[in-house]
Amino acid sequence: MPKLIIDNREIEVPEGTKVIKAAEKLGIYIPRFCFHHALGAVGACRVCAVKFQEGPVDGVQMSCMIDAQDGMKVSTADPEAADFRRSVIEWLMLNHPHDCPVCDEGGHCLLQDLTVAGGHGIRRSKGRKRTYTDQYLGPLVYHEMNRCIQCYRCVRFYREYSGYSDLGVTGIAGRVYFGRLREGILESPFAGNLIDICPTGVYTDRPSRYTGRRWDFERTPGVCIHCSLGCRTTVSARYRQVVRVEGRFSQQVNRDFICDRGRYGFYYADRPGRPRNGRINGQTVSAQQAVEEARDRLQRITQEHGPEAVGIIGSARSSLQTLSALVHLCHTTGWQGPVFRNTWIAGAAADAAVRALSPENAFSMREIETADAILAVGADPVNEAPMLALAMRQAQRTGAEIIAIDPRPLDWPFDFAHLACRAEEMEETLASAAERLSASRRPVVICGTEITDDGIVMQAADLVAGLRGSDKRAGLFCTMPQANSFGAALLDESNACAADLADRIETGQIRALAVFESDLWHVFPDRSRLSTALEKLDLLVSVDFLDTPLFENADIGIPSLTVFEAGGIYVNQEGRAQQVRPAHTGGLPIAAAGLGDHPPRSFSPDVPGRDMPAAWAAAFSLSGQAPPETDAQMTAWMRDNFAVLADLAHMEADGVRLFAGRKVSIPDEAQIPEKKPDQFLELLPAPTIFGGEPMSGHSQCLRELAGLPAVWMARADADRLGIADDDRVSLGFENIEVTLNVRISDPMAQGVLVVYRHPDIDWQPAPDGKRIFISEDQIRRIEKA
Amino acid sequence: MLAEQIRAELEKQIAAADHPQELAVDVMLAFQEAAGYLSDTALEAAAAMLKMHPVEIEEIATFYTFIYREPVGQNVIHICDSVICWLDGSESLMDYICRKLGIAPGQTTPDGGFTLLPACCLGYCDRSPAMMINRKVYGHLSRERIDDILARFEHEEPA
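Residue numbers (the working numbering), protein chains in the order written: chain A, 8 to 792; chain B, 21 to 179.
Treat the hints with caution; some may be incorrect.
Simulated crosslink set (SDA-like; lysine to any residue; CA at most 20 Å straight-line) [claimed, not checked]:
no. : chain 1 : residue 1 : chain 2 : residue 2
1   : B       : K71       : A       : D753
2   : B       : K71       : A       : G145
3   : B       : K71       : A       : F421
One-sided excerpt, in silico: chain B residues whose CB lies under 7 Å from chain A [what the hints assert, rightly or not]:
no. : residue
4   : P74
5   : V75
6   : E78
7   : E79
8   : T129
9   : Y158
10  : H160
Since the hints were derived computationally from the structure, they do not count as laboratory data.
We put the beta carbon where it would ideally sit given N, CA and C, even for glycine.
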């Protein structure tokens, strides 16, 4: 390992370390624009110049381009190097506008910082500045090319790191231009990272432009809850509302970046329709009154009909606090539940994943980046867990072979072999594809839990166990439906699903239902059954921060706090429990309190709209118990009351891994999914990155990206049915008739119709163990008008 | 846009190449040969042939001096403005041609006869200063020699 001296201090670094990185290890920050640790070095900006005073390299050189070597003596403060850097900055500033006060990057701009730090203060050039025409790049990223200093970070991230190609760099010399061929929405679902990565204000956050300077914001470390990965974020809040979310570095989870769903999914938290008051039979009351009324009425029903007459439903978008409070609620009252599974099958697959993952075999995203072979089965990372796609791409860039077994059309930003097959063929395909991992040394099996069943998950776990048995560093990585699916599976004792409670409502056994932060309305397989069952209830209580149809129709509605106000612990799909701190104090945003005008001028000591409870506190109150007073006391209470959560005491910066501690159960007899009948097509509802997830579905800027609802089919099926790309078809099944545009894809599994969840499709069937088959004659092509 | 025979030949070469991108310049030049410049539609067609994103073609087209993204005159004059020619007075020669033709660099004469463009090196440093008209390079330029050369083109009948 080479030893070198930087600014009179010695350091030993691994072979191949660049001098700029070696200096970082000593805490010496060498200026840089183009160098980024995730993207590597290109030597484009020339601002990291240092003086090599002794050793194999001589003179002023770029510290990002030179490997640390034995005997080097480097000075960052040498006058020649400092002067060089000052000149580079002066030259970069030749064309950069002198308008920091009106630039949204001002205050967190690397160019601004280094211009000041480099000592360039007075403009000597009398020349005119080069100017460009900006482009419209979609609802997320705002483009101002005049600010560009040609560091190439954007194109390197967009193309090399994330694998999309519609952003490029055109022109030559003084006309170099970073943008698209024509104006239009950036195709990459990771485009928001351009904002974080640009060292100046060429790309800024469009929805939050001019909402404040960085120093105006309350900035809090957060964790994204818009999929199961749990990426780290930095949440910026101002005037009691979240205004911006950025990526935050995590060694094990997302590293530097986040996806656009995670970046822009937060708008549900402060939208005007969000429940902020309690409601009793349609009358607006305070949250506290609603809680008390619900408590009293639930008590009356319990006294009259016994504790079995009350059912509790929760969901995996709630914090671990809420989930454990619900388990405790049912323990102490004898109420039925809590039910966390929307459908039996989805819960079974996630439960199998939680059982199968152990400290030995559970890989993090960081470990996926270093895999040399990846087999993904029933997982579509771009749509289910977007940042996983970037981790897979990094593996592929270093030579990993990637194989996908999935019925859906897969649009991934890297090369892969797609073995398209239907659910009933998955087991066999997985068994035969497993051989292709035999030459690898660090293989990873990625398994989805949204369109697969528990049999496939266990088969994937067995495969990993087999690979580990033959001395490979093999790992298992499961994606899950929601942010806290792992946590819900850890705490779920009943394994019951919502349909079980529906049965008991229909028989009159359950007369009251309290539903906590649940999207049952959208995911319950049979909506007409659900709505009849709910009407039969004596009492429906809904606790939520979203105005779901359930909340709207509840007898008693209790508003709850969002993750930004209550914080919480979320357990990601690899069992990593991560703590989220509240991002602001909560209460009605000042923009709303002042009705969009100046903040109100009447003063009072309390914050308006702050009397809402966290869902977990409401859960305690419903049984008449006082909730723990502080977050710390709540966490301690969780550790003391739940053995699986005891390890929360060891929470560190990278979270703490929780595992079920149960042995992998090999299924006695793998259940082979029923075979698709001839003359029928399977209708497969599938998750999608924008618009399909309940919280981020409220973000207007993301809805623009959702495209039109469509049904995807294989070319062979379309040809047989006489359907062409872009045709409109009507699909009929079980009294429902929907009309959708057709997209033809090749490859995708034959005999399958894929419908991605979409905000405009109110009809969102989720198969409850059963697969949905549509007869070919129920697929009708509609003549265009 | 492309003659069938030329297209077939290019497609054969693309199929034989390790990386289709290798042939990007050849494909663009073929389209330019056919229409005089690389139009937006030609750019899209070239991208489709090479299985590249159109912006990737645009990157090369706007970087490479000899691809014209706008219509040009019948004859295109490239004056070398690289170091050696510049030392040998290319600036004043550029200025001379500008005044002679009544256009600025990047412009085309009103009759469509000449387009004047700079080139960053023609590889004629040993015979500097140099210029290229259409595909032919002329070295050891002087004002008189430029008059001579341009006169030959001026007397040509428009094609």
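Structure-based check of each hint:
1. B:K71 to A:D753: holds (17 Å)
2. B:K71 to A:G145: With a Cα-Cα distance of about 25 Å, the restraint between K71 of chain B and G145 of chain A is violated, given a limit of 20 Å.
3. B:K71 to A:F421: Holds, because 15 Å separates the two Cα atoms, which is no more than 20 Å.
4. P74: holds (5 Å)
5. V75: It holds, given that the least Cβ distance between V75 of chain B and chain A is near 4 Å, below 7 Å.
6. E78: Interface hint status for E78 of chain B: holds (5 Å vs cutoff 7 Å).
7. E79: holds (5 Å)
8. T129: Hint violated; T129 of chain B Cβ to chain A Cβ min 24 Å, cut 7 Å.
9. Y158: Not OK, violated: Y158 of chain B not within 7 Å of chain A, min 24 Å.
10. H160: violated (27 Å)
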